[in-house]
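J.: The primary structure of each chain is shown beneath.
Protein chains: 2
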Amino acid sequence: MNLAPRIQEIHPFRVMELLARARALQAQGHDIIHLEVGEPDFPTPAPVLEAAQRFFVEHGGHVPYTPTAGLPALREAIADYYARRFGVTVSPERILVTTGASAALTLILAAATHPGDGWLIPDPGYPCNRHLVRTFEGQTHSIPVDAADNFQPTVAHVEQLWRANTRGLMLATPSNPTGTVLTLAQIAALAEAVRARGGLLIVDEIYQGLNYDGEACTALSVAPDAFIINSFSKYFGMTGWRLGWLVAPEGWAPHLEKLAQHLYICAPTPAQYAALAALSEDTRPLLEARREQLLRRRNVFAKALFSSGLILDAPPQGAFYLYADAAPFTDDTQQLAADLLEQAHVACTPGIDFGEHRTQTRLRFAYATDEARLQEAAERIARVLQSR
Amino acid sequence: MNLAPRIQEIHPFRVMELLARARALQAQGHDIIHLEVGEPDFPTPAPVLEAAQRFFVEHGGHVPYTPTAGLPALREAIADYYARRFGVTVSPERILVTTGASAALTLILAAATHPGDGWLIPDPGYPCNRHLVRTFEGQTHSIPVDAADNFQPTVAHVEQLWRANTRGLMLATPSNPTGTVLTLAQIAALAEAVRARGGLLIVDEIYQGLNYDGEACTALSVAPDAFIINSFSKYFGMTGWRLGWLVAPEGWAPHLEKLAQHLYICAPTPAQYAALAALSEDTRPLLEARREQLLRRRNVFAKALFSSGLILDAPPQGAFYLYADAAPFTDDTQQLAADLLEQAHVACTPGIDFGEHRTQTRLRFAYATDEARLQEAAERIARVLQSR
Chain A
123 MNLAPRIQEI
133 HPFRVMELLA
143 RARALQAQGH
153 DIIHLEVGEP
163 DFPTPAPVLE
173 AAQRFFVEHG
183 GHVPYTPTAG
193 LPALREAIAD
203 YYARRFGVTV
213 SPERILVTTG
223 ASAALTLILA
233 AATHPGDGWL
243 IPDPGYPCNR
253 HLVRTFEGQT
263 HSIPVDAADN
273 FQPTVAHVEQ
283 LWRANTRGLM
293 LATPSNPTGT
303 VLTLAQIAAL
313 AEAVRARGGL
323 LIVDEIYQGL
333 NYDGEACTAL
343 SVAPDAFIIN
353 SFSKYFGMTG
363 WRLGWLVAPE
373 GWAPHLEKLA
383 QHLYICAPTP
393 AQYAALAALS
403 EDTRPLLEAR
413 REQLLRRRNV
423 FAKALFSSGL
433 ILDAPPQGAF
443 YLYADAAPFT
453 DDTQQLAADL
463 LEQAHVACTP
473 GIDFGEHRTQ
483 TRLRFAYATD
493 EARLQEAAER
503 IARVLQSR
Chain B
123 MNLAPRIQEI
133 HPFRVMELLA
143 RARALQAQGH
153 DIIHLEVGEP
163 DFPTPAPVLE
173 AAQRFFVEHG
183 GHVPYTPTAG
193 LPALREAIAD
203 YYARRFGVTV
213 SPERILVTTG
223 ASAALTLILA
233 AATHPGDGWL
243 IPDPGYPCNR
253 HLVRTFEGQT
263 HSIPVDAADN
273 FQPTVAHVEQ
283 LWRANTRGLM
293 LATPSNPTGT
303 VLTLAQIAAL
313 AEAVRARGGL
323 LIVDEIYQGL
333 NYDGEACTAL
343 SVAPDAFIIN
353 SFSKYFGMTG
363 WRLGWLVAPE
373 GWAPHLEKLA
383 QHLYICAPTP
393 AQYAALAALS
403 EDTRPLLEAR
413 REQLLRRRNV
423 FAKALFSSGL
433 ILDAPPQGAF
443 YLYADAAPFT
453 DDTQQLAADL
463 LEQAHVACTP
473 GIDFGEHRTQ
483 TRLRFAYATD
493 EARLQEAAER
503 IARVLQSR
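Line by line, the protein sequences are chains A and B. Residues are numbered in our numbering as their position in the first sequence, beginning at 1, plus a constant of 122. Residues are numbered in our numbering as their position in the second sequence, beginning at 1, plus a constant of 122.
It should be emphasised that the hints constitute simulated quantities derived from the structure, not laboratory data. Among the hints, erroneous ones may be present.
Since the list gives no way to pick one copy over another, a pair counts as held whenever it fits inside one copy or between any two copies.
[What the hints assert, rightly or not] Calculated pairs, DMTMM-like style, for lysine to aspartate or glutamate (alpha carbon to alpha carbon, straight line, at most 25 angstroms):
| # | residue 1 | residue 2 |
| --- | --- | --- |
| 1 | LYS380 | GLU478 |
| 2 | LYS380 | GLU414 |
| 3 | LYS380 | GLU139 |
| 4 | LYS380 | GLU403 |
| 5 | LYS380 | ASP454 |
| 6 | LYS380 | GLU161 |
| 7 | LYS425 | ASP347 |
| 8 | LYS425 | ASP453 |
Here the structure is a predicted model, which means the values were calculated and not measured.
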């Protein structure tokens with residue numbers, strides 16, 4: 123087959139095998155609690171679904187391509203959202219609507235990464251980041267992050283790890299898999315450190331709005347020269363619709379748009395019309411009610427998991443993940459995750475899916491299911507751990 | 123900004139400027155006839171739209187991610203379609219559902235192209251092909267195709283142009299921008315020539331079904347080892363839904379799926395449920411009625427355009443494009459296209475958007491609007507040409 127080297131060096135998610143096994147067990151009639159997938163169990167918000175339906179009716183079933191950069195009305199609505207919610211002015215010209223946040227990241231990395239360039243990326247972190255860097259012939263410069271730093275990079279990391287070929291820094295706040303957040307002051311300091319080195323800053327804000335211990339914020343408030351990645355999947359509850367956006371620094375958008383013409387043509391049209399309603403102030407109370415529900419889930423599950431003996435050593439302030447340390451029980455959480463599935467019928471994700479830095483003792487749990495099930499899951503996990 | 127070289131070498135579609143000017147003229151109240159965009163004026167087929175609506179209702183508004191390779195039922199339905207319509211057996215395991223044909227092409231080129239590899243690509247051809255090759259650090263080896271060869275590559279081309287670093291051959295049938303098709307015998311011979319050189323064959327069949335002078339076919343009938351790219355956009359009338367698929371040779375699908383996990387997560391979920399109805403036999407008569415309507419448009423427009431003095435030197439047997447030669451009038455069709463827009467209020471695409479081989483005298487017209495408008499467009503064009 124003679125696969126390209128980029129493919130040989132990209133790993134599949136380990137959790138996929140586990141998911142397949144979970145489905146097999148489920149098919150045999152077992153009651154599996156799914157805490158492995160990054161997708162809440164909420165339906166599409168009703169106003170969003172209604173907006174899609176209205177689009178079909180009002181356009182007589184015509185579902186044409188949109189401009190590559192997105193519906194002008196949606197780009198403006200996103201700009202309005204930044205102004206209204208965060209008090210930040212962004213020109214709609216700098217906003218590109220994309221096929222999920224994945225496409226936003228792809229466009230930015232393709233446009234900015236010269237072959238051989240390095241990107242500073244936190245480890246653990248969202249695995250696609252390093253795989254996309256590799257796809258465009260770049261290199262990952264890992265930043266080992268620990269609980270002591272809230273699993274987020276610091277200026278000291280940038281100073282120590284920046285190399286001659288480093289192109290920039292990638293941040294995620296709230297982070298996957300840890301749920302930790304950066305303050306605006308921290309982002310400002312990191313942005314300055316990157317700027318001083320002539321580098322680029324990419325900030326993944328796809329969990330923006332799912333904040334539990336403080337207000338949501340945007341890096342644009344302190345780093346107007348950063349690339350911002352965002353999504354309608356998480357806070358806005360639109361995973362399967364595949365819609366996200368990016369905000370590009372001044373001057374970059376036309377280049378990203380040119381590439382998007384060839385890579386995507388445009389983002390899905392029904393999703394774009396639906397998303398107009400997602401950004402409306404009328405939808406906000408519903409989204410906030412969901413956020414509060416996730417907050418209650420977090421509190422219930424964190425407490426229950428603590429009783430099981432797993433260690434939660436950094437406050438999970440956002441997203442819907444707990445990144446627990448199972449060091450008292452094992453240094454092979456890939457095996458532990460398999461055991462938890464077989465013996466407790468609870469599916470979770472082994473740490474190694476998120477990087478190489480002390481990930482072998484870690485498990486990620488997505489608290490994206492209801493409180494009773496979370497309680498039940500923690501009890502089942504405790505029974506397995508106590509029997510070891 | 124220090125853009126990556128790959129971006130600097132990718133050209134935007136020239137027609138985009140023309141389209142912007144067309145919209146400006148339209149906003150001033152001028153009656154513009156659009157023959158530049160590759161998108162018929164049909165709405166989504168009613169059964170397809172109904173299937174999407176049914177999905178929303180039956181799933182209580184839940185629109186989750188699907189498996190990365192696509193809904194199992196849709197992969198099976200595509201396999202059934204190959205069996206029923208073309209008498210070809212394809213395992214659903216070899217089929218990946220993708221976010222438009224663009225994503226299918228991206229996955230294949232990313233997985234198969236080592237940096238520096240060359241791909242034989244017909245010139246003129248779909249411009250994204252060479253830009254995607256460049257995106258993954260490959261090179262385009264252009265095959266200059268002319269009317270004498272029906273604007274399609276021949277075995278002689280492969281023999282003459284194959285180099286040490288050539289990775290494979292890309293074909294498109296029916297072709298964009300020429301609408302010409304390859305016979306199964308021609309495809310078989312080309313496949314054998316590529317196979318003999320240890321290369322890969324990619325066949326773009328996104329206009330499959332929009333055939334006017336013979337039955338639709340698939341390269342899989344004669345080249346089961348080819349990569350096939352297809353789409354729900356054209357024959358199935360689902361452009362803005364962004365859905366396509368690929369068929370991978372034995373052994374490749376798991377590697378493509380791994381990359382798709384990181385690049386896309388999955389194709390849009392509503393589109394996948396809608397597409398189940400697109401493939402149904404019940405929908406076929408409606409799609410065939412549309413095909414017949416396009417055939418009538420082709421015949422009307424080809425005749426009318428012939429009267430204007432433009433030359434049609436290869437039979438446009440499929441898709442919905444006429445690739446006309448304006449050599450009697452100009453060797454600068456970028457200027458002529460601009461003049462036709464200003465003076466005739468007809469928008470079409472200059473040949474240079476499709477390559478460099480004798481494209482400066484060419485214009486592409488999409489006959490994707492109704493017969494009366496096509497007749498009117500041809501008359502307006504004739505008046506401008508006759509006044510030169």
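J.: For each hint, tell me whether it holds in the structure or not.
T.: Comparing the hints with the structure gives:
| no. | hint | in the structure |
| --- | --- | --- |
| 1 | LYS380 / GLU478 | between (35 angstroms within a copy, 19 angstroms between copies) |
| 2 | LYS380 / GLU414 | neither (40 angstroms within a copy, 35 angstroms between copies) |
| 3 | LYS380 / GLU139 | between (37 angstroms within a copy, 12 angstroms between copies) |
| 4 | LYS380 / GLU403 | neither (32 angstroms within a copy, 38 angstroms between copies) |
| 5 | LYS380 / ASP454 | between (45 angstroms within a copy, 24 angstroms between copies) |
| 6 | LYS380 / GLU161 | between (31 angstroms within a copy, 19 angstroms between copies) |
| 7 | LYS425 / ASP347 | neither (40 angstroms within a copy, 55 angstroms between copies) |
| 8 | LYS425 / ASP453 | within (23 angstroms within a copy, 75 angstroms between copies) |
The structure fails hints 2, 4, 7 (numbered hints given earlier, in ascending order).
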